[in-house]
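J.: First to last, the sequence lines map onto chains V and X. Throughout the first sequence, residue numbering follows my numbering, covering 6 to 316 in sequence. Throughout the second sequence, residue numbering follows my numbering, covering 2 to 382 in sequence.
Just so you know, the hints here were simulated from the structure itself, not pulled from any lab data. All C-beta atoms in this analysis are idealised placements derived from N, C-alpha and C, irrespective of residue type, glycine included. Some clues are possibly wrong.
Here are the simulated lysine to any residue pairs, SDA-like style, with alpha carbons at most 25 Å apart [as the list claims (entries may be wrong)]:
| # | chain 1 | residue 1 | chain 2 | residue 2 |
| --- | --- | --- | --- | --- |
| 1 | V | K219 | V | G280 |
| 2 | X | K382 | X | A138 |
| 3 | X | K382 | V | G209 |
| 4 | X | K382 | V | R210 |
| 5 | V | K219 | V | E206 |
| 6 | V | K219 | X | R376 |
| 7 | V | K219 | X | Y362 |
| 8 | V | K219 | X | Y325 |
| 9 | V | K219 | V | Q207 |
| 10 | X | K308 | X | A374 |
| 11 | V | K219 | X | S366 |
| 12 | V | K219 | X | I372 |
| 13 | X | K382 | X | D314 |
Label-pair ranges, simulated between beta-carbon atoms [unchecked claim]:
| # | chain 1 | residue 1 | chain 2 | residue 2 | range |
| --- | --- | --- | --- | --- | --- |
| 14 | V | Q241 | X | T39 | 50 to 58 Å |
| 15 | X | A154 | V | E278 | 33 to 41 Å |
| 16 | V | E206 | X | R370 | 48 to 56 Å |
| 17 | V | L56 | X | P136 | 40 to 48 Å |
| 18 | X | R213 | V | R196 | 22 to 30 Å |
| 19 | V | P151 | X | V228 | 55 to 63 Å |
| 20 | X | R148 | V | L56 | 56 to 64 Å |
| 21 | V | L56 | X | E296 | 54 to 62 Å |
| 22 | V | D40 | X | R213 | 23 to 31 Å |
| 23 | V | L173 | X | A23 | 27 to 35 Å |
| 24 | X | G137 | V | R196 | 21 to 29 Å |
| 25 | X | E271 | V | L173 | 28 to 36 Å |
| 26 | V | A119 | X | L38 | 42 to 50 Å |
| 27 | V | R196 | X | R205 | 24 to 32 Å |
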Amino acid sequence: MQVLPSDTATEAGSAFAELLADLNSDGWRADTAVDRLANAWSALAAGGWPLVGEAGPDGDAFSLLDVCELIEAWGGRALPVPFVPTVLVRRWTAGAAMPTEQPLSYTIPVGEGAAVVPYPTFPGTRILALRASGSTEAIEVPEGSPVDDFDLLMPVAAVAAPEITLTLDRVVDVCAASLAEAVGVAATALRRAVAHARQREQFGRPVGAFQAVKHRCANMHVDLEIARSLLTRLAQTGISRESRTAVTEGFERTRRVVEGCIQVHGGMGFTWETGLHLGLRHVVGLAALADHAMDGWLGGRDDVRTAARGR
Amino acid sequence: MTTSFGSPEARAFRERLRTWLAGNVPEAWRRAGGEDLTDDEVVEVRREWDRRLFAAGYAGVTWPVEFGGRGFGPVEEYVFYEECARAGAPEGLGRVGRLLAGPTLIAHGTDEQRARYLRPILSGEEIWCQGFSEPGAGSDLAAVRTRAGRDGAVYRVSGQKTWTSFAHYADWCLLLALTGPAELRHRNLSMLIVDMHAPGVTVRPIRQISGRSEFNEVFFDDVEVPVANRIGAEDDGWRVAMTVLTNERGMAEAANRYVDLMADSRQLLECAGHRPSRIGGDTLGGVEVYADRVEALRWQVMRAVEKSARGGDWFPSMAVLKLYWSELMQDMASAGLGLGCAEHASWWRRRYLESRATTIYSGTSEIQRNIIAERVLGLPK
Ligand SMILES: Cc1cc2nc3c(=O)[nH]c(=O)nc-3n(C[C@H](O)[C@H](O)[C@H](O)COP(=O)(O)OP(=O)(O)OC[C@H]3O[C@@H](n4cnc5c(N)ncnc54)[C@H](O)[C@@H]3O)c2cc1C
Chain V
6 MQVLPSDTAT
16 EAGSAFAELL
26 ADLNSDGWRA
36 DTAVDRLANA
46 WSALAAGGWP
56 LVGEAGPDGD
66 AFSLLDVCEL
76 IEAWGGRALP
86 VPFVPTVLVR
96 RWTAGAAMPT
106 EQPLSYTIPV
116 GEGAAVVPYP
126 TFPGTRILAL
136 RASGSTEAIE
146 VPEGSPVDDF
156 DLLMPVAAVA
166 APEITLTLDR
176 VVDVCAASLA
186 EAVGVAATAL
196 RRAVAHARQR
206 EQFGRPVGAF
216 QAVKHRCANM
226 HVDLEIARSL
236 LTRLAQTGIS
246 RESRTAVTEG
256 FERTRRVVEG
266 CIQVHGGMGF
276 TWETGLHLGL
286 RHVVGLAALA
296 DHAMDGWLGG
306 RDDVRTAARG
316 R
Chain X
2 MTTSFGSPEA
12 RAFRERLRTW
22 LAGNVPEAWR
32 RAGGEDLTDD
42 EVVEVRREWD
52 RRLFAAGYAG
62 VTWPVEFGGR
72 GFGPVEEYVF
82 YEECARAGAP
92 EGLGRVGRLL
102 AGPTLIAHGT
112 DEQRARYLRP
122 ILSGEEIWCQ
132 GFSEPGAGSD
142 LAAVRTRAGR
152 DGAVYRVSGQ
162 KTWTSFAHYA
172 DWCLLLALTG
182 PAELRHRNLS
192 MLIVDMHAPG
202 VTVRPIRQIS
212 GRSEFNEVFF
222 DDVEVPVANR
232 IGAEDDGWRV
242 AMTVLTNERG
252 MAEAANRYVD
262 LMADSRQLLE
272 CAGHRPSRIG
282 GDTLGGVEVY
292 ADRVEALRWQ
302 VMRAVEKSAR
312 GGDWFPSMAV
322 LKLYWSELMQ
332 DMASAGLGLG
342 CAEHASWWRR
352 RYLESRATTI
362 YSGTSEIQRN
372 IIAERVLGLP
382 K
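Working from the sequences, and respecting the hints, build out all of it.
T.: Structure (structure tokens):
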């Protein structure tokens, strides 16, 4: 059983992280001009990065854990472009002869003929409704549909999409990819917290010299590590009714890391300008996306409620 | 002044106040806390609230009678804040004046200063802001670097303050500034009254992580402040600031938070009823414990208040209260977020984002724990 990403994936992850650092030097960015985002997308496509989840010409593909390694790098410097959905859809449809630069997204059923779609408004995105029959069909997000942009790095829209489904292996993919991205966000948050604690002085010393701050950062490190292990388990063993809580816990740990990063920044952390809220919103948004996927698979809200009560 | 919540005086005070609040809290505010009003309407409601408090004699509940107050003690003070919060009363713009500037002037001001400034604070005619924190002086407030250089009968003030609430409405700023040499820690600051309409004062809003702007940065560029506007002795501003910051500070906040948290715990139960799936199990997933935790806050405040009313020291209670409610608020907001109740999702998300500040302002949680460890328990520094 694979416990660590392959060497190839680790190397690819580092190379990807370097590209992302060039594209987006300041951590996460949401307030990026449309043409900048379009350029970023072109650079990703030119490097072939949207194809990382597909099988190569000789049939060998990255494992889910390997793909997660790349998605984690993405989470560290995420931009509001549908990189992760594109990777997933291409993995599911083996590319289906779509050009590398085609941005893609998909539908997560939330019951009553409705679906949640990540990145619904990124220019040129093809949204595939994943039908219960196994077929896929491109759908449009109707003009003027309300977009939930609480998560500024991953807006979502609710659309009408009857007869769609998400099979269990796809639910696992969505949850693992989302958790990997959240782990990437948390890793950046920890890095930023440590950098700030080393440099910010109060009482004549760096605040990182105070044990309270040290211990907080140490706890953040533990949370990040355990979240990675929960991700590894998820990518390797999938989800069952019983292990659903482990997925939730993984997201909670990544969220705690970002919360800790804000606390270490003091008042600065609470400003829009510092931008840590982008990471915080993103881990919340990613957790919600995974929750939708798991809810849908468990059979919708009412069933879940009955199941939960019946225990 | 009474020393017990159960006394006939305290009960009578509560009864009268309730009746008054029932007839005076604006209906539009009570319903939605001003959510559906425009910014201008909100400001008008808050100004009008200052005027109503004054007209009814509730503006300076704890101020001495000789300065236009009611001379009440901490018990009535707490009852006042709790009842106002329960009634959904607005927060007046005069808050910093009533809670901070007024008491500072009463404790350290000259007779002329008291005669000039106290009444307009009570009546709500003049609004104050607090100019303490700076970008470089947060937890370490004594590191204030806004400079007030003596130039004959005036100080020339230059520097930057941050997180200054009410600055864009304020007529006056209670400013902590550096008058002595930087090395003389705690003996180099002075407390000044600065005219916010004076040339050289610039106010710029800070955008918070929720997207709202309720605080400001204030820039002072060679602003002239008469020496007569100094409160207390030169270079004695740290002591002046400390009386303000320890003097029953945090009681109003704890009372408000208690009421907010009560509403949150009810909301949690309602949302958990809608969607128990996220938390699993056959119960409400544990959110029912929050009602008890919130009630514990109320009893904790009441114990602290009665102790203080009987002449005890308020200081050791302050950090306990602040830590308890701020962390409880964050826990409850996280719980609300985790319930995934579709109907209230955006409400919990905003609550969650805004609650991130509670462990930062008015002394971070780390600083509160240092205070408890070192100054309450006596552990070595
Ligand atoms: C929403 C909001 C409202 C505010 N309102 C006001 C206001 O009305 N008036 C006002 O004057 N100020 C206000 N502030 C400022 C607030 O008081 C400061 O942000 C706070 O004191 C922390 O200072 P800082 O931001 O500089 O963080 P820093 O002091 O730089 O702290 C950074 C981190 O280091 C930790 N740390 C610092 N020193 C120590 C230590 N000795 N031991 C252990 N850990 C330590 C902190 O806990 C924090 O985690 C407000 C801030 C916010 C966010």
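J.: None of the hints should be skipped; say for each whether it holds.
T.: Okay, the hints, checked on the actual structure:
Distance restraint check for K219 of chain V and G280 of chain V: the Cα-Cα separation of roughly 22 Å lies within the 25 Å cut-off, and the hinted pair is therefore satisfied. With a C-alpha separation of about 20 Å, the suggested pair K382 of chain X and A138 of chain X falls inside the 25 Å cut-off, and the hint holds. Our distance criterion of 25 Å between C-alpha atoms is met by K382 of chain X and G209 of chain V, whose separation comes to about 15 Å. Proximity of K382 of chain X to R210 of chain V is assessed by CA-CA distance (about 15 Å); at most 25 Å being required, the pair is judged to hold.
A hinted pair counts as satisfied when its Cα atoms are at most 25 Å apart, and K219 of chain V with E206 of chain V qualifies at roughly 14 Å. For the given pair, K219 of chain V sits about 21 Å from R376 of chain X by alpha-carbon distance, which is consistent with the 25 Å threshold. A hinted pair counts as satisfied when its Cα atoms are at most 25 Å apart, and K219 of chain V with Y362 of chain X qualifies at roughly 20 Å. Of the pairs offered as hints, the one joining K219 of chain V and Y325 of chain X holds, with about 22 Å between alpha carbons and a cut-off of 25 Å not exceeded.
Pair hint K219 of chain V plus Q207 of chain V holds up; C-alpha atoms about 15 Å apart against a cutoff of 25 Å. Only pairs whose Cα atoms come within 25 Å are accepted, and K308 of chain X paired with A374 of chain X is accepted, the gap being roughly 21 Å. With a C-alpha separation of about 14 Å, the suggested pairing of K219 of chain V with S366 of chain X holds against the 25 Å cut-off. For a cut-off of 25 Å, the pair hint linking K219 of chain V to I372 of chain X stands: about 18 Å separates their Cα positions.
A C-alpha spacing of about 22 Å is found between K382 of chain X and D314 of chain X, which places the hinted pair at or below 25 Å, so the restraint holds. Separation of Q241 of chain V from T39 of chain X is about 55 Å and conforms to the stated range, judged on CB atoms against 50 to 58 Å. For the pair A154 of chain X and E278 of chain V, the beta carbons lie near 39 Å from each other, so the given range of 33 to 41 Å is met. Taking the beta carbon of each, E206 of chain V and R370 of chain X are about 20 Å apart, not inside 48 to 56 Å as hinted.
At about 46 Å, the beta-carbon gap between L56 of chain V and P136 of chain X stays in the expected band of 40 to 48 Å. For R213 of chain X paired with R196 of chain V, a C-beta distance near 28 Å keeps the hint of 22 to 30 Å intact. Here the CB-CB span from P151 of chain V to V228 of chain X is close to 59 Å, well matched to the stated 55 to 63 Å. A C-beta distance of roughly 59 Å is found between R148 of chain X and L56 of chain V, which places it inside the suggested range of 56 to 64 Å.
One distance hint, 54 to 62 Å for the beta-carbon pair L56 of chain V and E296 of chain X, holds here, with the actual separation near 57 Å. Distance hint for D40 of chain V and R213 of chain X: a CB-CB separation of about 29 Å, consistent with the stated range 23 to 31 Å. The beta-carbon spacing between L173 of chain V and A23 of chain X, approximately 57 Å, falls outside the hinted interval of 27 to 35 Å. Distance hint check for G137 of chain X and R196 of chain V: the Cβ-Cβ separation is about 23 Å, which falls inside the suggested range of 21 to 29 Å.
Between E271 of chain X and L173 of chain V the C-beta distance comes to about 32 Å, which sits within the given range of 28 to 36 Å. Our hint of 42 to 50 Å for A119 of chain V and L38 of chain X is violated, since their Cβ atoms are close to 33 Å apart. Look at R196 of chain V against R205 of chain X: about 30 Å separates their beta carbons, and that is inside 24 to 32 Å.
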